[in-house]
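*Asks:* Residue numbers (the working numbering), protein chains in the order written: chain A, 1 to 571; chain B, 1 to 410.
Hints should not be assumed to be uniformly reliable.
Claimed, not checked - To give an idea of the chain A side of the interface with chain B (calculated C-beta under 7 Å), a few residues: (1) 312; (2) 358; (3) 372; (4) 373.
Said to hold, decoys possible - Computed beta-carbon distance windows for the label pairs: (5) 344(B) x 263(A): 41 to 49 Å; (6) 556(A) x 296(B): 48 to 56 Å; (7) 130(A) x 332(B): 49 to 57 Å; (8) 202(B) x 236(A): 31 to 39 Å; (9) 252(A) x 332(B): 48 to 56 Å; (10) 384(B) x 252(A): 38 to 46 Å; (11) 201(B) x 130(A): 53 to 61 Å; (12) 236(A) x 154(B): 25 to 33 Å.
As the list claims (entries may be wrong) - Once the Cα atoms are required to be at most 25 Å apart in a straight line, the calculated DMTMM-like pairs of lysine to aspartate or glutamate come out as: (13) 431(A) x 122(A); (14) 299(B) x 335(A); (15) 414(A) x 261(B); (16) 266(B) x 333(A); (17) 337(B) x 357(A); (18) 386(B) x 365(B); (19) 431(A) x 261(B); (20) 431(A) x 346(A); (21) 299(B) x 427(A); (22) 412(A) x 438(A); (23) 225(A) x 167(B); (24) 431(A) x 167(B); (25) 225(A) x 306(B); (26) 348(B) x 300(B); (27) 225(A) x 152(B); (28) 161(B) x 438(A); (29) 412(A) x 195(B); (30) 337(B) x 335(A); (31) 17(B) x 46(B); (32) 414(A) x 232(B); (33) 412(A) x 49(A); (34) 266(B) x 335(A); (35) 266(B) x 246(B); (36) 225(A) x 361(B); (37) 225(A) x 246(B); (38) 225(A) x 362(B); (39) 266(B) x 230(A); (40) 431(A) x 232(B).
These are computed hints drawn from the structure, not numbers from a lab.
By construction, the Cβ of each residue, glycine as well, lies at the ideal position given by its N, Cα and C atoms.
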Amino acid sequence: MTGCDATRPATDSIHPNPSAHSKSDPSIQIETTNLETLSVSPREDDWFEDVTLRSGIEWTYRNGREAGRYLMIESFGGGAAVIDFDRDGQCDLFMTGGGTISSDASITIGGRPSVLFRNHGDWQFDNVTSRSGLSAAPCYSQGCAVGDFDADGFPDLFVCGYKGSTLYRNCGDGTYFEIDPWGPSLSDDWTTAAVFADFDHDTLPDLVIARYAKWSPETDVKCSKGGVRDLCGPTSYLGTTCLAFRNSGDCQFEEYSTQAGIQGSVHGLAVVAADLNLDGWVDFYVASDVTPNQLYLGGSRLPLLERGVSAGVAFNEWGQAEGSMGTDIADFDGDGRPDIWVTNFEREDNALYRSLDNGMFLHATAVAGLSGVSRMLVGFGTAMTDFDGDGWPDLFVLNGNPIYSLAESPFKQKPQLFRNLGGRFTDVTDKGGTFFRDVHSGRGSAVADFDDDGALDIVAIPMNDPVQILRNRKSPENFIRVQLAPRNGEPDATGATVSADFQGRMLTRFAVRGTGFFSQSDSRMIFPLAPELETAEITVSWPARDREIFRGLTVRKTHLLIEGQGEAVRD
Amino acid sequence: MTEVNASPVRINFRRLKVSVCAAAGMIVIAAICWRLSQSTPVQLLERGLAESEHDPVVAAQLFHRAVDAAGGDYPDAQIALCRLLLRRNARQEAAGLFSTTNYSKCRTDLLLGFGRDALRMKQRTEGLSALEAVARHNGPERLVALELLMSDYQEWGQRPKQLQTAESLMELQPQNPQRWADLIELQTSLARESECVVTIQRALTQDFPVEFRSHLQNTLVQQLVNQGDAREARRELENLRKLENDSLRVRGSEVYVCRLEGDLEKALQIVTTIVDDAPDLPFPRFTRGFVLLDLRQFKEATDDLERVIATQPFNAPAHFKLSEAYRGLGNGDLAAKHQRLASEIAGKQIRMTSLLKQRDEDPYDPLIYRELEQLHRELGDLEAAKLWHRWAVRVSPQHSLIPSSQIPGG
């Protein structure tokens with residue numbers, strides 16, 4: 001392992017410059033204004049406004065389709081990580097770039113650089129990729145994860161992809177440095193999604209990685225119908241296991257899959273970390289394409305126990321494995337327990353698994369009024385979160401078909417938005433905004449409060465089309481935002497449960513990681529509050545430890561809740 | 001005495017007359033022979049066709065001569081000869097000749113005749129090729145060819161080809177309700193939901209009898225439910241209700257529409273009326289079981305689902321739903337047991353689906369049929385097992401001698 005300061009390439013330090021992206025050519029300004037007017041033109045009751053042009057975020061994930069190879073890795077697109085890399089309190093945005101595929105006789109797969117945009121506030125972003133040392137393209141990139149693996153207070157990055165999954169250490173001065181703590185074990189592999197969370201309870205975030213298949217261009221299967229080539233489906237390839245890496249400190253990771261209890265082949269496309277049975281220990285949920293989804297339950301010691309089938313989160317409502325992709329965790333029915341939301345392939349409903357009071361789950365898509373609503377669509381990026389500030393988690397689904405032309409539903413599809421009316425959802429896609437009235441090749445997505453107005457905004461990453469930034473216009477009248485800081489300087493509060501009263505109703509939020517698709521969303525938690533409140537109190541259940549109440553928190557601010565500084569609650 | 005000494009002049013005249021007649025006869029014969037030898041290929045073919053019923057040998061000679069007269073390439077005569085060979089049970093010879101014949105240029109009536117005979121004589125490859133060629137033409141034989149193809153694909157379970165044929169038949173005879181029914185059934189079985197909805201909507205524009213319209217309307221509701229389109233399903237359900245009032249199937253469909261709409265209380269209320277009306281039918285009880293499960297009435301759900309399992313022990317979804325109900329009751333052991341059963345049964349069913357798809361590609365592989373037989377036997381469907389056994393023997397008679405232990409899944 002080499003430290004950040006030792007051999008890293010020279011990079012410019014970062015100086016905030018909100019005007020850096022302003023155009024000096026007046027003709028360009030005029031064009032921009034016209035385009036902006038055309039593309040935004042929101043209706044009065046739209047929930048979201050497309051602010052992509054205004055924000056200065058210009059980015060397109062590319063999958064190499066133009067080579068006409070129809071390789072399996074073209075299917076899934078890329079992701080975004082919401083990351084305050086410079087710790088200035090603003091949510092910055094990292095996005096993977098994808099890659100290139102050669103069209104000549106021997107297939108060469110190359111990487112495209114990822115990108116980092118710094119948030120200067122007021123929807124002004126600046127591309128700081130080269131300055132931050134992230135402009136190299138070590139792999140054909142897909143998902144990404146955020147975690148402070150070296151516990152220095154600065155969030156680090158992990159980028160998944162084909163041949164060269166990469167760990168970037170945040171040097172703390174606005175730059176990143178690539179490290180290779182696992183040697184050859186990942187260099188030839190294809191990883192799709194990952195999550196940082198402490199599975200061995202040593203306070204350091206470990207890494208769990210999803211893989212889709214043991215694949216290479218040489219093993220790629222050719223699929224066609226009626227003479228038309230297209231991408232193959234998952235059944236053309238054998239799945240493979242997830243991987244677990246233990247963070248042993250000093251920036252070293254050792255493969256720990258066996259000791260961690262990782263087992264069974266999956267076509268893994270998402271790994272989410274959260275305390276899903278509320279026993280105080282971090283669990284992992286793996287969404288898999290056509291093989292049963294997995295639930296690894298954490299405990300006081302390893303191994304994790306895979307209980308997807310017996311807990312009722314592996315299958316659809318008829319007991320069949322589905323093509324599972326995006327995932328999120330929230331309390332959709334207000335019972336204080338974490339429910340699991342999973343987006344699925346066409347001809348399948350997206351799955352909502354309701355948590356029961358015995359640690360089990362029950363398929364609740366029909367109960368929630370979501371049966372059939374997405375059956376002719378393919379869901380990728382998603383979020384189950386409170387977009388309209390009424391305390392109930394709503395649903396956003398970014399749709400798009402991985403198959404270019406031979407599937408039942410089209411390659412580009414409309415996204416969806418569902419409002420939660422108290423445990424039952426209603427389709428409000430028409431009120432979503434201009435983005436929701438068009439079709440997209442939707443893949444990765446993340447949510448974050450980029451403008452700190454208490455409403456979660458959306459980053460949508462279509463494939464081969466520009467990224468879209470959607471500002472949430474449903475800012476709550478009053479709110480509080482909290483960030484958790486566990487004791488002993490632990491960098492990771494994953495598994496904690498946080499609750500607050502909202503007009504006589506207890507709202508519960510969960511510290512989760514890896515939600516959305518291939519992405520990492522804003523880890524801060526937002527609670528709407530009654531308009532008349534000037535202060536609020538928040539209860540935190542720390543993972544496997546005590547509960548604390550934090551009182552007298554000023555509204556409309558972000559509070560760092562440090563374990564031990566609240567008022568202990570004895571049950 | 002004088003008679004003996006006849007006039008020499010007179011005798012010569014008579015000789016002359018005989019000679020002339022003989023010569024004339026010879027000329028006529030020669031002319032006939034010449035004419036025969038100079039027949040056109042078409043004439044030879046027609047004569048051969050005329051002869052083929054009474055004298056196949058002469059007919060064969062005529063077909064050969066027709067081919068020769070055409071310079072060695074005369075598909076009509078070649079196909080006629082193929083058919084003749086088949087009728088004489090010279091299958092190999094017929095197949096050999098057929099493989100070298102450019103039958104796409106052949107008269108469709110001849111090709112149809114050959115195709116029909118070939119299927120009857122178990123020369124399936126040649127028969128299908130001939131009939132498919134006929135079906136590509138817009139002649140009067142197309143309908144019969146399509147019907148023969150449909151029947152064959154159905155028998156051999158080749159559903160994608162069956163679907164194409166059904167589409168052609170429907171376009172050819174849109175006034176025939178059976179054509180629409182066949183097509184809709186195939187689209188349903190192949191999960192072509194979107195196409196199926198369009199087909200039904202087109203069928204409903206035809207002037208069909210009420211009973212058939214009712215059937216179409218009910219299928220349309222089911223397809224819309226499958227697509228998850230609650231609003232359209234409700235609209236079409238109300239149209240169905242106009243035709244049938246609150247019949248059993250109207251109520252049955254409404255349960256699913258209500259569930260799509262998220263109105264589970266109403267779904268429960270309706271399905272309970274069906275269970276009351278038909279207490280011995282497992283399907284309504286199964287439906288009520290999972291609606292009760294939706295409503296987290298776990299005990300009531302187990303009661304219904306246990307009764308379903310008692311009559312349908314290989315109903316995988318019922319086992320799965322029962323496992324969910326037991327999970328809700330906190331009975332992990334029973335939940336695990338029914339989960340395991342559901343997985344085992346579903347695994348077999350998935351395998352059967354996969355085998356049927358394989359059969360679409362290669363209907364002559366006896367191993368497919370033996371495995372299907374075995375799987376059906378394991379799932380308690382002995383009738384189906386017998387059916388697949390017969391197929392295994394049909395495609396490979398010696399296969400009846402192979403012990404089950406050598407068969408995958410056996």
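*Asks:* Is residue 431(A) within 25 Å of residue 346(A), Cα to Cα?
*Replies:* 24 Å, holds
*Asks:* Compare the distance between the alpha carbons of residue 412(A) and residue 438(A) with 25 Å, and conclude whether the hinted pair is satisfied.
*Replies:* 9 Å, holds
*Asks:* Holds or violated: residue 299(B) with residue 335(A), Cα cutoff 25 Å?
*Replies:* Roughly 21 Å separates the two Cα atoms, so the pair holds.
*Asks:* May I ask you to test the hint 53 to 61 Å on the CB atoms belonging to residue 201(B) and residue 130(A)?
*Replies:* 57 Å, holds
*Asks:* What's the verdict on residue 337(B) and residue 335(A), does the C-alpha distance respect the 25 Å limit or exceed it?
*Replies:* Violated, because 29 Å separates the two Cα atoms, which is more than 25 Å.
*Asks:* Regarding residue 202(B) and residue 236(A), is the given constraint of 31 to 39 Å on their beta-carbon distance met?
*Replies:* Taking Cβ atoms as reference, residue 202(B) and residue 236(A) lie about 35 Å apart, which means the hint holds.
*Asks:* With 41 to 49 Å as the target window, see if residue 344(B) and residue 263(A) comply at their CB atoms.
*Replies:* 20 Å Cβ-Cβ, so the 41 to 49 Å window is violated.
*Asks:* Holds or violated: residue 337(B) with residue 357(A), Cα cutoff 25 Å?
*Replies:* Measuring from Cα to Cα gives roughly 21 Å; hence the hint holds.
*Asks:* Could one say that the CB atoms of residue 236(A) and residue 154(B) fall in the range 25 to 33 Å?
*Replies:* 30 Å, holds
*Asks:* Would you check whether residue 372(A) satisfies its interface hint, that is, whether its CB is within less than 7 Å of any CB in chain B?
*Replies:* Holds. Min distance 2 Å.
*Asks:* What's the verdict on residue 266(B) and residue 335(A), does the C-alpha distance respect the 25 Å limit or exceed it?
*Replies:* 24 Å, holds
*Asks:* Sort out whether residue 246(B) lies within 25 Å of residue 266(B), counting only the CA atoms.
*Replies:* Distance ~15 Å between residue 266(B) and residue 246(B) Cα, so the pair holds.
Hint check: violations occur at hints 5, 6, 9, 10, 21, 24, 25, 26, 28, 30, 31, 37, 39; the rest are consistent with the structure.
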